[in-house]
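Protein chains in written order, with UniProt numbering: chain A, 1 to 362; chain B, 1 to 362; chain C, 1 to 362; chain D, 1 to 362.
These are computed hints drawn from the structure, not numbers from a lab. Be aware that a few hints might be false.
Unchecked claim - Residues on chain B that point at chain A, a partial pick, calculated with CB under 8 angstroms:
| # | residue |
| --- | --- |
| 1 | T55 |
| 2 | A120 |
| 3 | P123 |
| 4 | G124 |
| 5 | L188 |
| 6 | Q335 |
| 7 | R351 |
Just so you know, even glycine gets a beta-carbon here, dropped at the ideal spot from N, CA and C.
Letter by letter, the chains look like this.
Protein chains: 4
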Amino acid sequence: MDELVTIPDFERSWRERTDRAIWEYVAGGAGTHRTIDDNAAAYDRIWLLPRGVRTSTGEPDTSVTLLGRTVSSPVVLAPTSPQRLVHPDAELATARAARARDVLSIVSTDTHHAFPEIAAEAPGLSWFQLYGYRSREDVAATVELAERGGATALVVTVDASYSARRISTRRAGFRLPDDVDYGTLRALGVLDGAAPASGRLDRLPVTWDDLAWIRSLTTLPVLVKGVLRPEDALRCVELGAEGVIVSNHGGRQLDGALPSLVALDRIARVLPRGRTLLVDGGVRSGVDVVKALALGAHAVCVGRPYLWGLGLNGQKGVEQVLDVFDVEVRDALRQLGVSSVSELGGQFVARAPGFLPDESLR
Amino acid sequence: MDELVTIPDFERSWRERTDRAIWEYVAGGAGTHRTIDDNAAAYDRIWLLPRGVRTSTGEPDTSVTLLGRTVSSPVVLAPTSPQRLVHPDAELATARAARARDVLSIVSTDTHHAFPEIAAEAPGLSWFQLYGYRSREDVAATVELAERGGATALVVTVDASYSARRISTRRAGFRLPDDVDYGTLRALGVLDGAAPASGRLDRLPVTWDDLAWIRSLTTLPVLVKGVLRPEDALRCVELGAEGVIVSNHGGRQLDGALPSLVALDRIARVLPRGRTLLVDGGVRSGVDVVKALALGAHAVCVGRPYLWGLGLNGQKGVEQVLDVFDVEVRDALRQLGVSSVSELGGQFVARAPGFLPDESLR
Amino acid sequence: MDELVTIPDFERSWRERTDRAIWEYVAGGAGTHRTIDDNAAAYDRIWLLPRGVRTSTGEPDTSVTLLGRTVSSPVVLAPTSPQRLVHPDAELATARAARARDVLSIVSTDTHHAFPEIAAEAPGLSWFQLYGYRSREDVAATVELAERGGATALVVTVDASYSARRISTRRAGFRLPDDVDYGTLRALGVLDGAAPASGRLDRLPVTWDDLAWIRSLTTLPVLVKGVLRPEDALRCVELGAEGVIVSNHGGRQLDGALPSLVALDRIARVLPRGRTLLVDGGVRSGVDVVKALALGAHAVCVGRPYLWGLGLNGQKGVEQVLDVFDVEVRDALRQLGVSSVSELGGQFVARAPGFLPDESLR
Amino acid sequence: MDELVTIPDFERSWRERTDRAIWEYVAGGAGTHRTIDDNAAAYDRIWLLPRGVRTSTGEPDTSVTLLGRTVSSPVVLAPTSPQRLVHPDAELATARAARARDVLSIVSTDTHHAFPEIAAEAPGLSWFQLYGYRSREDVAATVELAERGGATALVVTVDASYSARRISTRRAGFRLPDDVDYGTLRALGVLDGAAPASGRLDRLPVTWDDLAWIRSLTTLPVLVKGVLRPEDALRCVELGAEGVIVSNHGGRQLDGALPSLVALDRIARVLPRGRTLLVDGGVRSGVDVVKALALGAHAVCVGRPYLWGLGLNGQKGVEQVLDVFDVEVRDALRQLGVSSVSELGGQFVARAPGFLPDESLR
């Protein structure tokens, strides 16, 4: 086994050790995987412009403050499910790693364990990711559960209301194993059977009215996840959201969607200062993290990378993944001549040929 | 055999089951196949911009109204011939599938069966595609036959008046089988021998005068197929055509022609509202259909995809292809946050780097 | 053996039949062959915009009038040497083919046979390509020989005054065979030995003064071959040249030179009307010929393609190559909806992404 | 063994003869090697525009005057270490080759031999490259040693203050051999042990204050190496540096950094006349050298190429590498129609599509 010194090492290593159908479920996405490829390729189309001579020295500060909480890293654990597929400890392991490394974790509605159990493992570091199931009453109950369970923010996912055409997953013969449960849904009493797959329950698509109503339900800060267009980001914050997570759901929903980093670049130009801006999709190194931050993100969510670590090694594997990102972000900051992530900005990047849509060049 | 869940599945599956020369005849095109490749690649250079938060919910409406007829889908069956090559039921199977799925079908002049027989299988759904053979008298007789046979529109193909250099087809040793007939030409009495190949009869090239004259022959709506330049599209509608089908004949005539999707983008900017705009060439998924519609097409013609289905499974195979497009168009609309195809427009697309000609960027 | 239906067929077929070192000498060029590749790739970055509906019909007229002579084709045989390498009949076969097909041929200074013998085989169709050897006196004698021999134009090559770094040719172990002679040089008495290689005699680099002086030597029309910059093209015609041949010597001199088609596009914008503009380098099909003409060339020179034909089949092989170009140019004109090459122009092309230098886009 | 006629020949040849871990140490760089690849690719995205007709003739003059010293070539030997890895004679061989070929050599702080010994082999041709170790006192002592040793310029490297993530080197199992010494550091008394690796001693990051202070330490001209941004280059010369070396440390420090040739293009536009501008990274031929000079560099540093020569053949190998560059630069100048390197400038280049960052095109 290769040393686990880069993020792709975790991918390769876990791939060798796990069932192919499960691997495909995690790795795959919609249609031809064009969006998955484009998400990653967009990072390769950003060049970094280091300061050679520096303005200060010393160990770089990687801490960021997100929605009032200062954490050690701009890397946030994206909501994923079902984590039980890749490790029996599932979200508990992930939460413990988040606590051990002092990073934020966004916990899905579709977790194996119920949210309060998970959040108890990472107090103050757990944001709750909301899917709406069945009815507004059920949504309100879900938000209440999240608040009671200790969520410090609500992340409303708007880009995955409908199941997607995951051709590669289907061809690999993926079926949800019997021992995967939906603890939070069970606690809410919205499950119809014993251990239903997420897909069997219809999610409520989120309209602007729904979003305003959800905003009114809670005093928690609200982020909207799954935004790709500047006008939508603006409308989210006008409706009271604290910010947005720019995302195409890791290429899992619509094949051909705009790469999330390109979308970030456009949204960062218009989002009012003081609002929170995150991005996910295609982040595979500390250099990628730094590129996203330089383009205007306040933090970056990663999904598949920590699932690979979780699959390989449970809590410890997630920590190893976070440690690689930490080493790499620190290295990139030092090489850039930057002493803290807050210093990052547009002066440290150039958009390589082929990054901007053609319209932007006219 | 793989499940037939995507359009390329039909291609692969039929390829394994059919004669190589026939496969090449259907798959191939002019010269080096550069236009075939470019047609498809252009779709990959359009990014979709989904609404995450949506303005409405519910099952998307895929119906479109074309030249006064409302059909279930924006996918139109392009004129192809000879369909007898790929299945004994030829155009009858295709027409029955069009009726079963409530889609429009454009029927070639060069069909094995005579047009009236074909149109009888898909009443109200059959447009007649006109090639001119031998003389204006013969053209007038053809239009009359189309009208009598129940055509609801006339599609004048202008880009295939001369046989093309189909090198790959030639190298594969393709020869038209003896049992292919030309029913419509036979009914018109323009065949010189027993079962002549289309290429043995010279087609009349279509001039602007011819077009005006054809327009005057009939009260049917007229579409001009094979238009790539904005000025030509405008002149067509000035001469009384109801619209145009943007096409380079699927890359079968001129190697190096402008990709049809790029041409569509330019023509959509100038065509007067109310005129009908279709495109063909390189459409291989529902996502592709949605991209063309967002760039301004009212519908999209597909040719090779339904021939693959026809070859595999006759009428049922064509229906299966239409069903895949239907599932994929619906999925793409849902993922985009759009409730009907009529909502699609420029706000849902970005032209990825490398889509626009260099002149457009200056 | 494949049918010889496209130009690359001749390349493949001759390659299989000839000595590798000779093949490399013909095929190869300077350094890494980047300019060879770029020359060809530039043609792939031009899209053609056919008229579907046409303004006229009938067999297209491919004839062109160059420096007062009307010939059957816009394809001109570029100066190449030593043709003896590939066929014993050498330039005599090429001249006979030019006469048989009524095309112009540019005859090198470095031919095996003496110019008068060659020109006698293609009266009125032979332009003389001038390299200067040893002294102005020798140059004057060469021009006089060309005039006496029946040259109808003088082509002054300015981009090959120094031998180049042809790495692939060198690695292939190429050595000039003993039976290659230099008939024209021998007639002029400038040979130092029995059968010296071209490279053993130093060529005179051509300065602006030289060019003016050469212009003054003769009443023949003068074309300057090897021009890539608009300002140089303008200066050539100011000094009295009838026109220029845009060329990087087929990628044989400077690795990394501007592709000749890109250079043509720039020069065509500034050259005064009435001046003659040709281009060579990378032309491998009739579609390529049409692209160059639409970008502003009056004719296109081909070199390697007819050497492949010559190598395969002597005079007949050159005719076969010219016939393929003829068929392909006619086909491309018909598919474009154009009735003569003189109609070609900028309205028939779009520069695909990646054709124009970045500066041109700003 | 292939003839050594191009620079990559040395790479291939040495690769076959040396230990893989050592090869990887020399060849490799940070992370995924994207910057290494981009550095080289940038040269392929510059097109040369030769003068066909020339303004003068004769053997081109390749000499350049850098910081007052006229040398035979615009190729400068970049600082590299430890050269002992590839040849026992290490920097002594390199210095002797520099003297034999009359080129400048930049000598690292981290040499096996002490600087005075090395500089004695190449009097007047040795610039000293400064890393700061431990303290300002040590830096001052180092500068004094350089002056005493005969350095004619001080090159302050600012982009390698921290060790980098060299994944490929690590995976190859590279370890510094025991017989590698640090002669200059030993002479300065800053070594902690017997034969410590460079990495074990922390380097001082260079701040603007440090740079001003270093400038004040010496009357030698100072160049700052590792500059990629125009504003940083300007600030360097404002602080009294004679110029800058545009560099991303050959892709060895920050994966994803701007290609150095792209950076050169931007810096050359703003650097005041009279200041010295060099570039390194990705130079693999005389054509590359000419491209960099035409974009504004006064000279070009090469590192890996001469290490390959050194590894193959000691002093003679370095001379062979310099000879190939010399032949190639002369050839490129002749083919360009240029009689001296000082004539080179922007009129001889076009930026091929994909050279300029997207921002530059808007």
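Hints, verified against the model:
no.: 1; hint: T55; verdict: 7 angstroms, holds
no.: 2; hint: A120; verdict: 36 angstroms, violated
no.: 3; hint: P123; verdict: 33 angstroms, violated
no.: 4; hint: G124; verdict: 32 angstroms, violated
no.: 5; hint: L188; verdict: 44 angstroms, violated
no.: 6; hint: Q335; verdict: 4 angstroms, holds
no.: 7; hint: R351; verdict: 4 angstroms, holds
Hint compliance for this structure: hints 2, 3, 4 and 5 are not met, and every other hint is.
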